[in-house]
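Fit chain B to the known structure of chain A by using the hints.
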Amino acid sequence: MRRLVLVSCLMLAACAQQPPRDDSLYQSLGGQPGITRIVEGMLLNIADDPRIVAHFREIDIERLRDKLVEQFCVEAGGPCRYTGDSMEESHKGLALTPSDFNALVEDLQLAMEREGVPVTAQNRLLARLAPMRGQVIDR
Amino acid sequence: MKALLAGVLLGATAWAQAGDGRLLATGGATSLEGAAGGGITPWAVLAGYGERGEWGAHAFGTRVETGDYRLDVAGLAVAYGNRIELSYARQRFDLGNLARGLRLPENSLSQDVFGLKVRLFGDLIYDRLPQVSLGVQHKRQKDFLIPSLVGAQRDRDTEAYLTASRLFLGGAFGYNLLINGGLRYSRANELGLLGFGGDRRDSRSLLKEGSVAVLLDRHWAVGVEYREKPDNLGFAGESDWADLFIGYFPSKRLAVVLAYARLGEIATLDNQDGAYLSIQGSF
Numbered sequence: 427m428r429r430l431v432l433v434s435c436l437m438l439a440a441c442a443q444q445p446p447r448d449d450s451l452y453q454s455l456g457g458q459p460g461i462t463r464i465v466e467g468m469l470l471n472i473a474d475d476p477r478i479v480a481h482f483r484e485i486d487i488e489r490l491r492d493k494l495v496e497q498f499c500v501e502a503g504g505p506c507r508y509t510g511d512s513m514e515e516s517h518k519g520l521a522l523t524p525s526d527f528n529a530l531v532e533d534l535q536l537a538m539e540r541e542g543v544p545v546t547a548q549n550r551l552l553a554r555l556a557p558m559r560g561q562v563i564d565r
Numbered sequence: 016m017k018a019l020l021a022g023v024l025l026g027a028t029a030w031a032q033a034g035d036g037r038l039l040a041t042g043g044a045t046s047l048e049g050a051a052g053g054g055i056t057p058w059a060v061l062a063g064y065g066e067r068g069e070w071g072a073h074a075f076g077t078r079v080e081t082g083d084y085r086l087d088v089a090g091l092a093v094a095y096g097n098r099i100e101l102s103y104a105r106q107r108f109d110l111g112n113l114a115r116g117l118r119l120p121e122n123s124l125s126q127d128v129f130g131l132k133v134r135l136f137g138d139l140i141y142d143r144l145p146q147v148s149l150g151v152q153h154k155r156q157k158d159f160l161i162p163s164l165v166g167a168q169r170d171r172d173t174e175a176y177l178t179a180s181r182l183f184l185g186g187a188f189g190y191n192l193l194i195n196g197g198l199r200y201s202r203a204n205e206l207g208l209l210g211f212g213g214d215r216r217d218s219r220s221l222l223k224e225g226s227v228a229v230l231l232d233r234h235w236a237v238g239v240e241y242r243e244k245p246d247n248l249g250f251a252g253e254s255d256w257a258d259l260f261i262g263y264f265p266s267k268r269l270a271v272v273l274a275y276a277r278l279g280e281i282a283t284l285d286n287q288d289g290a291y292l293s294i295q296g297s298f
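Quick note, the sequences are listed as chains A and B, same order.
Counted from 1, the first sequence has number 448 at position 22 by the working numbering; the numbering is strictly sequential.
Counted from 1, the second sequence has number 88 at position 73 by the working numbering; the numbering is strictly sequential.
Bear in mind the hints are in silico, worked out from the structure with no lab data behind them.
Take these hints with a grain of salt, some might be off.
[Unchecked claim] Taking CB as the label site, the calculated pair distances span:
hint, chain 1, residue 1, chain 2, residue 2, range
1, A, Pro505, B, Gly68, 33 to 43 angstroms
2, A, Glu539, B, Arg143, 23 to 33 angstroms
3, A, Asp448, B, Arg143, 23 to 33 angstroms
4, B, Gly96, A, Asp492, 30 to 40 angstroms
5, A, Ser450, B, Leu198, 36 to 46 angstroms
6, A, Arg491, B, Leu273, 40 to 50 angstroms
7, B, His234, A, Ile485, 27 to 37 angstroms
8, B, Gly68, A, Asp492, 27 to 37 angstroms
9, B, Ser125, A, Val500, 55 to 65 angstroms
Note that the Cβ used here is the ideal one computed from N, Cα and C, for glycine as well.
The shape of chain A in the complex, shown without the other chains:
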């Protein structure tokens, strides 16, 4: 009986664990501290970017930072859960243009360059984020 309980516990524990995932991008970005620095760097770049800074004036930057860190972590295969709104929901009414989207991409690229992220890892993250453009612009 005790043996059966033990086996059941082990099986439950195995089931409760996430399936093994590829977190190599998450590691390349420097894990949680690295992603946090990248997101904060990007937000600082945006603050200096006259092309798009106006879109960020009225929002809670700390919450945005936390949600972006979650999102980048998830996209990079890290051990996180995204708790923010959908991309469509969070960009509703902003009427963002393709130029606005690219401006943010550039602010992110600059932040990753400064953080010393390898070019190939930068490209992998951008490739994960690029398909979201349709949910971001013209909303």
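Same frame as chain A, but now just chain B:
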């Protein structure tokens, strides 16, 4: 040539308010015929960095030196809304050794190229479909005596090309990969510098062209290009062209391309390999 470049730069400063809504290097360099793209082939991208609702423009100068010949090109292009591009290029082909050896009546051949390119659909990076553009080039050969003597049928002609371009993020072992392919419908001899149509063939041919580039980072690209050419004139063969290039994009204002070009046989002289240098300012 210098006056033309100066004029081009002056004109270009008028576009100083142009947008830069597209990512670095996605305006490409400038092809020999003035359209935005690679060196010997156009890409589906439009001149400058303007996105929707924005202007873009570029001015450029290019020199190709093969030892026997030299080609100088200068021109400019403007684009609006990442949709439509108008371009102009003046080409001057210095016959060098050939003119001296054969005591030719002229030592250079010049041509004007007026270009129109329209993005039909798709996007270089984001859409499901690659960016596809249709282009038309009207060419006017300015020194027609030599071309007429070797069999060229006319000194002006219009040709069309369809081209598709796609940037694959991380597509080449993690590096961004740009693939470009096009079809051209043309009877231009040596771009049109030796006129259009010939004694051997006077109808247009469907010609393949394309390029592959790897972006080492945001500023550097290396790649190869290929362009099929017609063979209309009986007096000499005309070779397909290819090159290996390295492009440097320090900012959205400047691009420099250096290439090793294999131009094959040109007007009876074979093995015309040489250096290609192009400098482009974008606005």
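Evaluated hints:
1. For the pair proline 505(A) and glycine 68(B), the supplied restraint of 33 to 43 angstroms holds, since their beta-carbon distance comes to about 42 angstroms.
2. With their beta carbons about 29 angstroms apart, glutamate 539(A) and arginine 143(B) fall inside the hinted range of 23 to 33 angstroms.
3. Taking the beta carbon of each, aspartate 448(A) and arginine 143(B) are about 25 angstroms apart, inside 23 to 33 angstroms as hinted.
4. Our hint of 30 to 40 angstroms for glycine 96(B) and aspartate 492(A) holds, since their Cβ atoms are close to 37 angstroms apart.
5. Under the hint 36 to 46 angstroms, the C-beta atoms of serine 450(A) and leucine 198(B), about 40 angstroms apart, fit the expected range.
6. Distance hint check for arginine 491(A) and leucine 273(B): the Cβ-Cβ separation is about 43 angstroms, which falls inside the suggested range of 40 to 50 angstroms.
7. Between histidine 234(B) and isoleucine 485(A) the Cβ separation comes to about 32 angstroms, which falls inside the hinted range of 27 to 37 angstroms.
8. Between glycine 68(B) and aspartate 492(A) the Cβ separation comes to about 33 angstroms, which falls inside the hinted range of 27 to 37 angstroms.
9. The hint said 55 to 65 angstroms for the Cβ distance between serine 125(B) and valine 500(A), and at roughly 59 angstroms that hint holds.
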